[in-house]
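A.B. asks: Residue numbers (the numbering used here), protein chains in the order written: chain A, 121 to 419; chain B, 25 to 321.
Treat the hints as calculated values from the structure; they're not laboratory data. Cβ coordinates follow ideal geometry from the N, Cα and C atoms, glycine included. Take the hints with a grain of salt, since some may be wrong.
Over the 10 angstroms line for every Cβ pair with chain B, so calculated as not near, a few chain A residues [unchecked claim]: (1) 185; (2) 187; (3) 189; (4) 194; (5) 196; (6) 203; (7) 209; (8) 220; (9) 259; (10) 280; (11) 281; (12) 288; (13) 305; (14) 314; (15) 316; (16) 327.
Pairs of lysine-lysine, DSS-like flavour, derived with a Cα cap of 25 angstroms [claimed, not checked]: (17) 360(A) - 41(B); (18) 41(B) - 243(A); (19) 312(A) - 241(A); (20) 360(A) - 194(A).
Covered stretches of chain A, going by a simulated chain B footprint (3 or more residues, C-beta under 8 angstroms) [claimed, not checked]: (21) 264-274; (22) 329-338; (23) 341-351; (24) 379-387.
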Amino acid sequence: MADLTATAIPSGPRPRRRLSGRNIMIYGTLLIVSLYYILPLWVMVMTSLKGMPEIRMGSIFSPPVEITFQPWVKAWAEACTGLNCDGLSRGFWNSVRILIPSVILSIAVASVNGYALINWKFKGSEVFFTILIFGSFIPYQVMLYPIVILLREIGLYGSLSGLVIVHTIFGMPILTLLFRNYFSSIPEELFKAARVDGAGFWGIYFRIMLPMSLPIFVVAVILQVTGIWNDFLFGVVYTKPELYPMTVQLNNIVNSVQGVKEYNVNMAATLLTGLVPLTIYFISGKLFVRGIAAGAVKG
Amino acid sequence: MAGNTLGARLMRNLNAKIAAIPMVTTALVVFLGGTAWTVLYSFTNSKLLPRNSFIGFDQYERLWSNSRWLTSIQNLMIYGILALVFTIAIGFLLAVLMDQKIRFEDTFRTIMLYPFALSFIVTGLVWQWILNPEFGIQHIVRSLGWDGFTFDPLNNPDVVLYGLLIAGLWQGTGFVMCIMLAGLRGIDDDIWKAARVDGIPRWKTYLFVVIPMMRPVFVTTLVIVASGIIKLYDLVVAQTSGGPGTASQVPAMYVYDYMFQAQNLGQGFAASSMMLLSVLIVLIPWAYLEFGGKKRG
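Based on the provided sequences and hints, a complete structural model is requested.
C.D. replies: Pasting the structure below:
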């Protein structure tokens, strides 16, 4: 409703449409800057569609004379890491198997945290929250080894479940903050009314809070999918080679010292790894921006 | 009603307390406990496994006399300062440009922000390819006729950090631009009107009115970017693997190698404790300004 009235009544000076010097400077700068940002994507796509002879002769910026999808096939199904030559597909499926439970578990835990912090404050709850937020600034390197010990104790070191727990732990500060801020904007009267009607902790969470906060859940999913998919450090520390996520396997393929470098295959592999977060990014549009802004500005 | 015993108090909000167990465990056991554990064991001579034999500051003495660590620290300082200044300056300038009521704002933002969705591994590998001396920028400029042109940062120890910087800025400036733009949009329109009435040029308004008003945004950005820089790891692994030689080593790499490759846990713990210390140096003044400042004024 507010949007409607805002567009119905134009305000401010009439926008100038002419090609002023100021405008040329602004758009000129923005176009040049955009070139810097687009260039790597362009180079990736072009290189991945060329054969090696063409790469050796031509420029990395020029489009392929003869388009070939062979590098993509090779990157997906044949590229070697160590002794395994079954391509990036292995890493892709590992990443999927890490991603889905991690996203669900981390968001479930963090949303309940945020809900408890707003509506069911108990003694010390704010203290734990403060520790959580400050903890998010501690370099991961400090906590790497203690977590190795903890995971070893419960028998999950080197397994995918262990990595899921790690992602849940390190996703918790930012997500809890996100949900806490969102839930604090839901009128308290609603919560009180439900209490009077006899609803309990979980009843209110599932019947009122959850349905009312779907947008923030979408933001959290975007944040977590890109974050977990892009993780490298935890993957390399807490899993073993056959369970490595896609980023780790990609790095091993491209930076391996053996054999002839196949730059087209490398770029196809790099693009394949970037495809999931890029898809999320282009589909989600403004929600992605909202996600990072929620994480940054309110922190 | 009158008997508010301990048991009754514990039972109050029982479900909420149960639901908060993961949070409490993470905060106390992993964040506080883990950090304390690492700092404590940095005073031991743990090798393959953590051991309880305390040797005082020996690990730290060894750390600070290790040339690889000194290079790492120096690299992080140079990269950190450059990355911080350029990320914030470029991010702010782009945000100002985007704030001029331009058309295609969404398109420009989409283009500037997409690298932020990509991992540092992808970022590092793409720029490794673009900066490749045989095929990349150097090759292209030379084939245009400028034969003596040299631009090979990834194989030259003196400038390898700038190679990393180009990639790091590509990945992160869009994000800072978005935060800054949100900050600029938060400035009241009346400020602009007042400045225009007073006949103050736009650039002066930005410099002397808007920037001081955006202090909290700048401080938050500074803290986020700085704590990200201290963690710098994936980008270096992918783009240069710390090379050539040890020219682009960073502390996070040192920690990883000593903990998980060289089986010298004590060194790894000492190095990671130093990383923690450097974060605290950034964080404590910020916390003081943010939370201490509010009470005063």
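A.B. asks: A separate judgement is required for each hint: does it hold in the structure or not?
C.D. replies: Hint by hint, here is what the structure shows:
In this structure residue 185(A) is separated from chain B by more than 10 angstroms, as the shortest Cβ-Cβ distance comes to about 16 angstroms. Residue 187(A), annotated as away from the interface, keeps every beta carbon of chain B farther than 10 angstroms; the closest lies near 19 angstroms. Every CB of chain B lies more than 10 angstroms from the CB of residue 189(A), the least distance being 19 angstroms, so the non-interface label holds. Residue 194(A), annotated as away from the interface, keeps every beta carbon of chain B farther than 10 angstroms; the closest lies near 16 angstroms.
Distance to chain B confirms residue 196(A) as a non-interface residue, since its nearest Cβ pair spans about 16 angstroms, more than 10 angstroms. With a closest Cβ-Cβ approach of about 20 angstroms to chain B, residue 203(A) is found to remain outside the 10 angstroms limit, as its non-interface label requires. Every CB of chain B lies more than 10 angstroms from the CB of residue 209(A), the least distance being 17 angstroms, so the non-interface label holds. Once the 10 angstroms rule is applied to beta carbons, residue 220(A) is consistent with being away from chain B; the minimum gap is 18 angstroms.
Residue-level check failed: residue 259(A) sits 4 angstroms from the nearest beta carbon of chain B, not beyond 10 angstroms. For residue 280(A), the non-interface assignment is confirmed: its Cβ lies about 19 angstroms from the closest Cβ of chain B, beyond the 10 angstroms cut-off. Non-interface call for residue 281(A) relative to chain B: holds, since the shortest CB-CB distance, roughly 15 angstroms, exceeds 10 angstroms. Distance to chain B contradicts residue 288(A) as a non-interface residue, since its nearest Cβ pair spans about 8 angstroms, not more than 10 angstroms.
Here residue 305(A) stays apart from chain B, with its beta-carbon at least about 17 angstroms from theirs, past the 10 angstroms limit. Interface exclusion of residue 314(A) from chain B stands, the closest Cβ pair being 14 angstroms apart, more than 10 angstroms. For residue 316(A), the condition that its CB be more than 10 angstroms from all CB atoms of chain B holds, with the nearest at approximately 17 angstroms. No Cβ of chain B approaches the Cβ of residue 327(A) within 10 angstroms, the least distance being about 15 angstroms, so the stated non-interface status holds.
Using a Cα cut-off of 25 angstroms, the hinted pair residue 360(A) and residue 41(B) is violated, with the two alpha carbons roughly 36 angstroms apart. Pair hint residue 41(B) plus residue 243(A) holds up; C-alpha atoms about 10 angstroms apart against a cutoff of 25 angstroms. Using a Cα cut-off of 25 angstroms, the hinted pair residue 312(A) and residue 241(A) holds, with the two alpha carbons roughly 14 angstroms apart. Restraint check for residue 360(A) and residue 194(A): satisfied, since their Cα atoms lie roughly 24 angstroms apart, inside the 25 angstroms limit.
Coverage of the stretch 264-274 of chain A by chain B holds in this model, with 6 residues showing a Cβ closer than 8 angstroms to a Cβ of that chain against a need of three. Chain B is given as covering the stretch 329-338 of chain A, and this is violated because 0 residues of the stretch bring a CB closer than 8 angstroms to a CB of that chain, at least three being needed. With 4 residues bearing a CB less than 8 angstroms from a CB of chain B, the stretch 341-351 of chain A meets the requirement of three and the coverage assertion stands. Residue count for the stretch 379-387 of chain A with a Cβ under 8 angstroms from a Cβ of chain B: 3. That meets the three needed, and the coverage hint holds.
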